[in-house]
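Novice: Numbering-wise (the working numbering), the sequence shown opens with residue 13 and increments by one.
Some clues are possibly wrong.
What the hints assert, rightly or not - SDA-like mimics (lysine to any residue), calculated; alpha carbons at most 25 Å apart, straight line:
no.	residue 1	residue 2
1	LYS14	ALA24
2	LYS235	SER220
3	LYS89	MET13
4	LYS89	LEU194
These are computed hints drawn from the structure, not numbers from a lab.
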Amino acid sequence: MKVAKSIAVLRAWRKSKSAPVVFVPTMGALHAGHAALIRSARKLAGSRGSVVVSIFVNPTQFGPKEDFASYLRPFRKDLSISRAAGADAVFAPSVEEMYSGDRSVAVEESRLSQSLCGRSRPGHFQGVCTVVAKLFLIVQPTHAVFGEKDWQQLAILRRMVRDLDFPVQMVGHATVREPDGLATSSRNAYLTPAERLLAPRIHAALQSAALKKSPAAIQASAKKSLSAIPGARLDYVEAVDALTLEPLRSRKSPGRLACAVFLGKARLIDNIALPPFHERI
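Given these sequences and hints, build the entire structure.
Specialist: This is the structure we're talking about:
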């Protein structure tokens with residue numbers, strides 16, 4: 013497995029590879045969810061294609077009071093997981109390699125990023141779009157695999173690819189969960205043992221609320237259940253259109269029920285599908 017820490021080395025490696033080249037961007041601290049994305053990328057690439065994983069903790073998507081400095085960086089473990097899951101190359105640049113000190117250009121999405129996490133994390137999605145655009149230009153993938161746990165991020169990046177004509181096929185991967193339903197996340201490591209026992213109630217609350225018929229009833233049910241988790245602080249819970257991320261007005265079109273919940277030091281996000289009501293059994 014090739015490990016490249018500079019753009020020049022990664023580009024030189026990329027020149028010798030033919031399509032498909034499947035890319036899995038990460039911020040490291042890899043877990044079972046990331047491993048599933050890499051294995052999915054391996055299947056897409058096949059025996060003739062290549063899989064590239066990036067490991068880069070991107071400072072521009074962190075707010076001033078967020079956990080950039082303390083974010084887990086177990087690089088050797090990340091390399092081991094990447095190799096075992098089928099990666100052919102890992103791109104692990106430094107901040108200085110990715111960003112010039114006098115940088116003045118950024119990529120910003122102005123519609124889908126105004127709600128959900130974008131409302132409570134100003135500037136976050138500008139950082140995400142900018143770094144992913146840069147990574148696409150560096151890696152030049154034919155496909156990119158992203159988890160559906162952050163549905164808003166996936167929707168925004170799909171819009172970026174569409175609007176800026178990146179020649180990349182975006183592939184969503186279903187949220188990977190622990191046996192008790194908790195979505196896998198690097199931030200689960202911040203949970204105390206007691207908080208870890210409570211955390212699965214987030215997914216359970218979404219599942220129970222999704223049984224309601226109207227979007228208003230869904231949100232009310234989810235808010236009540238999430239607020240009842242001891243020690244939890246609700247950032248948001250919203251039923252939104254799956255494509256536009258606008259508030260879901262009816263169950264006639266596909267939706268997502270999304271939430272962000274603070275549990276101790278951890279800010280946990282999750283979402284589930286809200287299929288059109290007439291399709292439900």
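Novice: Take the hints in turn and mark each one as holding or not.
Specialist: Verification of the supplied hints:
1. LYS14 - ALA24: holds, 11 Å
2. LYS235 - SER220: With Cα atoms ~11 Å apart, LYS235 and SER220 stay inside 25 Å; holds.
3. LYS89 - MET13: holds, 14 Å
4. LYS89 - LEU194: holds, 22 Å
Checked against the numbered hints given earlier, this structure breaks none of them.
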